[in-house]
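*Asks:* Each chain, written out:
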Amino acid sequence: MNFGEVTLGHYLALSLLLFLIGLAGVILRRSLLVVMMSLELLLNAANLALVAVGKFHGLPDPQVAVFFVITVAAAEVALGLAILVAIFRIKRTTAVDQMASLRF
Amino acid sequence: MIRWFCPEVLLVLTGVTLILADALIPPGKKEWLPRLSILLGIALFIFTIWQSGQPMPEVWANLFVTDGLSLVFKPFFVLCLVGVTLISVRYPMGREEVVRTEFLALPFFSTAGLCLLASARDFLAIFVALELVAISLYLLAAFHRSRAASLEAGMKLLVMGGLSTGFLVMGIAWLYATAGSTEFSRIILEQAGRPASPALLFAVGLILTGLAFKIAAVPFHAWAPDVYEGAPTPITAFLAIASKAAGFVLLLRIFCLGAFALDSVGWVFRPILLTMGIATVTLGTLAALPQRNLKRYLAYSGIAHAGYMLLALGTWGESGMGTVAGYLWAYLLATFPVFIFVQELERVHGNADMRHLDGLAQRDPGPALGLTLCFLSMAGLPPLLGFSAKLSVFTALWSAGEIPGLVVGVIMAVVGLGFYLVPIRAMYWEREPDVVPAQRFPSFLVWILLLAGAAQLILGFQPRPLVRLVEKSLAPMVSGNLQGK
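Line by line, the protein sequences are chains A and B. When we follow our numbering, the leftmost residue of the first sequence carries the number 1, and every step to the right adds one. When we follow our numbering, the leftmost residue of the second sequence carries the number 1, and every step to the right adds one.
One or more hints might be untrue.
What the hints assert, rightly or not - Here are the in silico distance ranges between beta carbons for each label pair:
no., chain 1, residue 1, chain 2, residue 2, range
1, A, 28, B, 271, 29 to 35 Å
2, A, 98, B, 353, 51 to 57 Å
3, B, 39, A, 67, 52 to 58 Å
4, A, 58, B, 43, 45 to 51 Å
5, B, 190, A, 4, 26 to 32 Å
6, B, 199, A, 4, 49 to 55 Å
7, A, 74, B, 39, 43 to 49 Å
8, A, 97, B, 355, 25 to 31 Å
9, A, 28, B, 30, 32 to 38 Å
10, B, 286, A, 9, 26 to 32 Å
What the hints assert, rightly or not - Interface residues of chain B toward chain A, partial, derived using beta-carbon atoms under 7 Å:
no., residue
11, 5
12, 138
13, 155
14, 179
15, 408
16, 411
These are calculated hints, taken from the structure and not from any lab test. Source: prediction; values computed, not measured. Heads up, the beta-carbon is just placed ideally off N, CA and C, and yes, glycines get one too.
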């Protein structure tokens, strides 16, 4: 069976879908660990879009941009996990709804 | 030769120096480090001011430019840094007292990112600079590790910051897909004179969403009060002033002079910016009323101020742009002294609850007077500085014919007067609580607050220096734009 050629539109649609899944994860999930995984998904959705655009338009810049995004995402997650460990030491939980010391 | 020593390079070098000094200085002499960092910060501020008089060439093929906007806001950011360093030194860290060099060094890195941001004219450069700012700030917000609130603030900032990064990167990807470049001048060249494609508008929307998180505009404001309350006070001040200002500098650069300063984009995004402005002003003002914690209160006040600046931005003209630049300076001068006071309040009482203000005027008339002037200036009462700032917003709205924005802005300014009177009433009319702590505020605080109050008055009567600054930020902008092409 032939579904026709895979175009830029397909990649962009997939990346948007992944982006939305990531967004939903950040908003809805209870565990901070999963929230951070969803953040990664969000950034990787953008990476997919960047790579696809670079490939289909023949541009090198977006593909270079991906390396910047990967580096930044790695730094962010490293820091996030460090904070998570510190939170776990104090509260013995990583559930989002336990993060309620800041309410008026 | 000297042009390579732009503030960014020096800021990073200073940060590294501080960390190295921490490793090299013997343990008994560590108390020199805070003084060293303050001295270096002040030296950098003087250098930045001096350098803003020097002509600077463009480097890195338009990725990094020096124009009016960057010349006016680099000193702004470095001034914030000096203020933050001054109060970080006195932040009561508790048992982590020993390991605080990073607490002093990281703001330098963050400020380097802010200065880079003020000069960047390419979305990729903006992305990297924003992350340099943001990642340092996540760490700083969570720095007080023994307090759960501080850790939560760091975590919330990280999740929200990550979300905003996601939107920004996605916007950049779509920008590549439609315009083929992220450099402002090329986007303008590519898109000028054409109707904007839906894909371009989508990209602009994503980028605007990413930045709306940074300036805490409605509906992306929910993180601000929590993070401001939990983070260490110097970092709260940095977030509330420098980080917010950075968002606005970016919005100015993107919508007023770079990338998306196109009629086709403005046609869609002007109403959006105005609507966001109206919503932000309304929510910030109304939600501030019931607050009982000074840091949360300042967060909502900051949200309201962001709303006024968004309204000015929504007028989409040069006057709107100058207004935002002036408003940011006025905001810095009125808000920073209050944060300095909040930290001293926390040192004495352990938290920033507003009931500690009760009867302050009888106990400490000096700080009470300075604070009152700052609060009234934030409220926009004539003849104080904040009045000129608000008036210029309203004038810009009037001349652009944006009547709904103007009406809501004026109504909320009046309502806002009511909520800025809450702390003032507490200071002057409430009775002093029975349990009076023996400690009084240090004398330097009295002087700083009185000086700040006097600045509100003097600049309110004679706003000439600020107006000149704003004109400076406007003047070379147009030519800088042409050079870009």
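*Asks:* All hints, please: hold or fail.
*Replies:* Tested hints:
The given range of 29 to 35 Å is respected by residue 28(A) and residue 271(B), whose C-beta atoms sit roughly 31 Å from each other. Separated by about 24 Å at the C-beta atoms, residue 98(A) and residue 353(B) break the suggested range of 51 to 57 Å. Checked against the given bound of 52 to 58 Å, the beta carbons of residue 39(B) and residue 67(A), roughly 38 Å apart, lie outside it. Taking 45 to 51 Å as the suggested C-beta distance range, the pair residue 58(A) and residue 43(B) conforms, at roughly 48 Å.
Under the hint 26 to 32 Å, the C-beta atoms of residue 190(B) and residue 4(A), about 30 Å apart, fit the expected range. Remark: the range hint 49 to 55 Å for residue 199(B) to residue 4(A) is contradicted by a beta-carbon distance near 21 Å. Range check, residue 74(A) to residue 39(B): Cβ separation about 35 Å, and the 43 to 49 Å hint is violated. Between residue 97(A) and residue 355(B) the Cβ separation comes to about 29 Å, which falls inside the hinted range of 25 to 31 Å.
Evaluation of the 32 to 38 Å hint for residue 28(A) and residue 30(B) yields a failure: the beta carbon distance comes to about 46 Å. Between residue 286(B) and residue 9(A), the C-beta spacing of about 44 Å breaks the proposed range 26 to 32 Å. Interface restraint check: residue 5(B) against chain A, minimum CB-CB distance 25 Å, threshold 7 Å, status violated. With a cut of 7 Å, the hint placing residue 138(B) at the interface with chain A holds, because the nearest CB-to-CB distance is about 6 Å.
Interface hint status for residue 155(B): upheld, as the beta-carbon distance to the closest one in chain A is roughly 5 Å, under 7 Å. Below 7 Å, beta-carbon pairs count as interface contacts, and residue 179(B) has none with chain A, the closest being about 11 Å; its hint is therefore violated. The beta carbon of residue 408(B) comes no nearer than 25 Å to any beta carbon in chain A, farther than 7 Å, and the hint placing it at the interface is violated. Violation of the interface hint for residue 411(B) is found here, the shortest Cβ-Cβ separation to chain A being roughly 25 Å, above the 7 Å cut-off.
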